[in-house]
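If you're matching them up, the sequences are chains D and R in order.
In terms of the numbering used here, the first sequence is residues 1 to 95.
In terms of the numbering used here, the second sequence is residues 1001 to 1483.
In case anyone wonders, no lab produced these hints; they're calculated from the structure.
Among the hints, erroneous ones may be present.
[Claimed, not checked] The following label-pair restraints were derived from C-beta to C-beta distances:
(1) 1284(R) x 53(D): 21 to 29 Å
(2) 73(D) x 1479(R): 48 to 56 Å
(3) 33(D) x 1284(R): 38 to 46 Å
(4) 1084(R) x 42(D): 48 to 56 Å
(5) 66(D) x 1008(R): 42 to 50 Å
(6) 1279(R) x 53(D): 34 to 42 Å
(7) 68(D) x 1251(R): 41 to 49 Å
Ideal Cβ placement from N, Cα and C applies to all residues, glycine included.
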Amino acid sequence: MSVTIRDVEYVAKLARLEFTEEQKQKFTEDLNGILNYVEMLKEVDTENVEISIGAYRVENALREDVVKPSFDREALLKNAPDAQEGFVKVPKVIE
Amino acid sequence: MHTKTIHEIRELINKGEVSCVELTKNALDRINKIDDKIGAFLQIDEEGAINKAKEVDEKIRRGEEVSFLAGIPMAIKDNICVEGLKTTCASKMLENFVAPYDAHVTKLLKQNDAVILGKLNMDEFAMGSSSENSAFKKVRNPYDLERVPGGSSGGSAAAVAAGEAYYTLGSDTGGSIRQPASLCGVVGLKPTYGRVSRYGLVAFASSLDQIGPFTKDVEDCAHVLKAIAGYDEMDSTSAKKEVEDYTKYLNKDIKGLRIGIPKEYFAEGLNDDVRKEIENAIEVLRKLGAEIKEISLPMSKYALAVYYILASSEASSNLARFDGIRYGYRAKEFEDVVDLYVKSRSQGFGDEVKRRIMLGTYALSAGYYDAYYKKALKVRTLIINEYKKAFEDVDVILTPTSPTVAFKIGEKSNNPLEMYLSDIYTVPINIAGVPAISIPAGFVGGLPVGMQLIGNYFDEGTLIKVGHAFERETEFSKVRPSI
């Protein structure tokens, strides 16, 4: 499998990133380098092997559904790039 | 004063030979004097530190019992939240982000009356092995200012080595505590996954991330681990397992303890001089009565490949939250809301972060998911099984921490894969989720070499026991850089 500039453009779109032509070229090379390296996983026989999503134990972490105090709205909005009347302000989303 | 360990300082405080305010002023002076050269700190909270020190002095004056860490100046990696201080992750994306809450570890440290000096430099979003990826400034190795301190917790390692803080916290996703500890000649521990809460740690790869301490020696490490470990309801992956008093593992003998040496970690790629130092360290432990056994971990060679797929995939998902809406950097000019996301992310993230987001997005995208992500999860199972099996025959596994000593600034920054290879001995441990510690174990050309001890799940105690036995027998943990 070899990554092309077109793949990089497609993945960039998914990742909500944009690049100059020069950067696209560099990322194509970098990704190909890394993906060539990970090709070695192909030689591992994983037939009948289960996946592990965590380190070693997977258990449900359930808790009682109890109402607790949450963060102060004003305090959180201090980190918002743009806020108004207790809300985060964004550009118009719906035409 | 700055060359002393926590336990030495505690004794001085207890004897009334130094006050916490003096100690804190001393640390702040040290930072003001040398940090221009080191670059370990991104933020210094002089006022907060002095006030806390005064408070602890007052407690001591009143005859109150205080914790072992009370009044000792320390600092925290800038991806761990301290309420009211910035948490930038060394990224333009979070340059102005002020943490609205304390991480669980911060809360525990505050309960222990820790004096928090400030926040420490790192690779942006903890992605890197040299701390050259900080958006603000590079960190330099206190043993040689032309060299890197390792990464991503380079600031945390350098600050302890240079005596700017008596201990620090870092985070370790693939070696980000142990590799810089090795390169800076200090002790760094990555606890078992789940031993320390990740609440308040900015997520990089959630199934691999773990917070841990940097200290000058193993004895200090036992004290700090004891303070920060424990279950936290805010992190559902933290373990409901009682925290041991790790200091009970100090001053123990290691006769008959079985130490496994995996041959794969001493193969091609390991620098010969580093190998010699590690072999000498093995001999020290053999003379102390440990039983040395050669073992084999053949899946290790696949760990780095598994790591870069899993870590990047998780990162691409975790970092999707940085979109310029609720917090973080927002581009000044944009056409519509999607363009706002794209411009904010493209301008806010650095190259290495983008590279990992791209790799992760690619690995998770339709058509490639099975070949990369799912395949990596299966190989992860095989790596986990291999470690479980190894610990049926040995109590601890010993390896080099990194294949080389600290490299020159700029030496590997143009080749991502070569940079990634400096974590080849540390990544398998995060994939398996077991604990591991890096301990100063030698010098090559005046630069520190670290030995990695890997333990079974939740067996940090044995790491402390073996590490402390080694430390009492050698002088490596007593060496300080000349800066």
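Structure-based check of all given hints:
1. 1284(R) x 53(D): 21 to 29 Å: 40 Å, violated
2. 73(D) x 1479(R): 48 to 56 Å: 52 Å, holds
3. 33(D) x 1284(R): 38 to 46 Å: 40 Å, holds
4. 1084(R) x 42(D): 48 to 56 Å: 50 Å, holds
5. 66(D) x 1008(R): 42 to 50 Å: 46 Å, holds
6. 1279(R) x 53(D): 34 to 42 Å: With a Cβ separation near 38 Å, residue 1279(R) and residue 53(D) satisfy 34 to 42 Å, so the hint holds.
7. 68(D) x 1251(R): 41 to 49 Å: 44 Å, holds
Going down the numbered hints, you'll see the structure goes against just number 1.
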